[in-house]
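As given, the protein sequences belong to chains A and B, one line each in that order. Here the working numbering is used: position 290 in the first sequence is 290, and no number is missing along the way. Here the working numbering is used: position 28 in the second sequence is 28, and no number is missing along the way.
These are calculated hints, taken from the structure and not from any lab test. Please note: incorrect hints may appear among the correct ones.
Distance condition first, Cα-Cα at most 27 Å in a straight line; then the derived DSSO-like pairs of lysine-lysine [claimed, not checked]:
no., chain 1, residue 1, chain 2, residue 2
1, B, Lys-242, B, Lys-78
2, B, Lys-213, A, Lys-244
3, A, Lys-244, B, Lys-242
4, A, Lys-204, A, Lys-188
5, B, Lys-213, A, Lys-171
6, A, Lys-171, A, Lys-218
7, A, Lys-188, A, Lys-218
8, B, Lys-78, B, Lys-213
9, B, Lys-242, A, Lys-216
10, A, Lys-244, A, Lys-218
Quick caveat: nothing in here was measured; it's all calculated off a predicted structure.
For reference, the chains in residue letters:
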Amino acid sequence: MQELLSCAAHSARLEILRAARKLAALFPVPPARVATIIETRDLSKRYGDLVAVDGISFSVQPGQVLGFLGPNGAGKSTTMKMLAGFLTPSAGSASICGHDVIDSALAAKRLVGYLPEGAPSYGEMSVRAFLEFVADIRGLGGAARRRQLDDAIGRLSLQGVVQQSIDTLSKGFRRRVGLAQAILHDPKVLILDEPTDGLDPNQKHEVRALIQAMAKDKTIIVSTHILEEVHAVCNRAIIIARGKVLADDTPSALEARSRFHQAVSLTADNAAAVRDVLVRIGDVAAVEIDAQDQRLTAFPRKGKAIFASVVEALRANAIQVREIALEQGRLDEVFRQITTPATEAA
Amino acid sequence: MNPTRILFRRELASYFATPVAYVFIVIFLLLSGAFTFYMGSFYERGQADLQPFFGFHPWLYLFLIPAVAMRLWAEERKSGSIELLLTLPVTMGQAVLGKFLAAWAFVGIALALTFPIWISVNYLGEPDNGVILASYLGSLLMAGAFLAVGSCLSALTRNQVIAFILTVVACFLLLLSGFPLVLDFFRGFGLPQGVIDAISGLSFLTHFNAISKGVLDLRDLFYFALMIGFWLYATTIVIDLKKAD
């Protein structure tokens, strides 16, 4: 009886499963998909024999702030110029929200706000006349035009200089005018080529704050060779050298590639004696002493955490440390490590 | 609003935002007056027409128009603003046309400011105003053709001086292509007579002279329209080729 019941239950379950499968076949569920904002496929640019960009493929999802890193001449600017629709790719394709940058160039350009390298503009125009010109070309009219102009001027604190001609402005203000021009039409996509280059620390801070504020509802690509900037504003970083993508990760994952990741550094009076203590800890791979400031750094074996055991060993040996820190990893070291072999090979 | 019109307005305003416009207009008016009265013997000929005035226009344009045209694209490339312009939602054709039309309108304003000479000749005698009107039209068309050549050559380089010299030379050849100076050069290659005739038919001067006699032949108008169209189209190609460097 028991057996019979369980058999009936089993066949009923099978029946239900079969019905569910049939239903599923009738209503295919589309695969979960996030709309891609920027997509490049094998994007390449050649100038004669020189290959500036060599088959770059990546896609950017909504809300990402992508940092473009690379040595000078790596192909960052060229890639951005192709995305903005200024240069025609030699091969491959790029699209903004599904609009190909060549085949439907105007549609793609309407969605993009672009700050070219050096923030060029028309120097003889006043700030207001220049922004109004861009607003007109962008097709803004009526109340929207006034609102967007006020918004851009306000966000970049240009109120004091709107009547001045751009030629008479300082470098920082000119950069801000370029940024105001880029965000004027509230674009979905912002492409900023070295937005903080040549600015003083306060201005850099302001521009970074602006990028962070806009990151909520925009997709942003920023090129830079200032590495702390990547940490400050980006949630993804692509390292380019010699026209190729060498790394594509979050800034913290890139830092984790550093040998300084999870390392412990400290300063103490008798550096040599402390080193002898630290090397005896099981998970410590190596200990180095900085020749200049006598700072000790203990490097962990791969994937090990050593902070607790280092602290314990110090206490057990009654060593006084002046200061101790857990290292996060050094982006500049990772950057060098990733980009140097490629540069030397050529 | 149409992007070409917006670009046109911005460009035209930019001429008057710097001293360029005023220097150009003053020099143009001074030179055209001086040529007319001293070299053209306006009074001495005792005829109520503006032949001596218009007769010097091709030579005046030869140096003054390249000075206007040289900045059209060379300056945009030098300052990098071309990158801004061409990433705004405008087509290449709209950008080229908007800038050209602004330069043309600017030269048109300078030309219109020569109206006192028209008043003078009407005060002094009874000229054929139809011929004068046709001459003004011819002069404006020729200026447009000079500008279109300059637009194309200024897109070739980011150096305005080079753009100026190239344009002067190209315009000089086009002015004189109906004259032995140029034709003998091409005859030297042993080209067939048909080609030589075609080259001589390209001359600005013969077409301008035809119009300024008061004969509005459709072929002359068509010639200038075609010339402007051709050089502007060439401008778009040159920009496409050269914008990367």
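So, going through the hints one by one against the coordinates:
1. Distance check on the hinted pair: B:Lys-242 and B:Lys-78 sit about 12 Å apart at the alpha-carbon level, within 27 Å; holds.
2. With a C-alpha separation of about 65 Å, the suggested pair B:Lys-213 and A:Lys-244 falls outside the 27 Å cut-off, and the hint is violated.
3. About 24 Å separates the Cα atoms of A:Lys-244 and B:Lys-242, which keeps this hinted pair within 27 Å; it holds.
4. Between A:Lys-204 and A:Lys-188 the CA atoms are separated by roughly 23 Å; this keeps the pair inside 27 Å, and the hint holds.
5. Proposed proximity of B:Lys-213 and A:Lys-171 is contradicted: the alpha carbons are some 56 Å apart, above 27 Å.
6. With a C-alpha separation of about 26 Å, the suggested pairing of A:Lys-171 with A:Lys-218 holds against the 27 Å cut-off.
7. The suggested pairing of A:Lys-188 with A:Lys-218 holds, with an alpha-carbon distance near 5 Å, which does not exceed 27 Å.
8. Proximity of B:Lys-78 to B:Lys-213 is assessed by CA-CA distance (about 42 Å); at most 27 Å being required, the pair is judged violated.
9. Straight-line distance between C-alpha atoms of B:Lys-242 and A:Lys-216 comes to about 38 Å, which puts the hinted pair past the 27 Å bound.
10. Taking the CA atoms of A:Lys-244 and A:Lys-218, the gap is about 26 Å. The hint holds against a cut of 27 Å.
In the structure shown, a violation is registered for the earlier hints numbered 2, 5, 8, 9, in ascending order.
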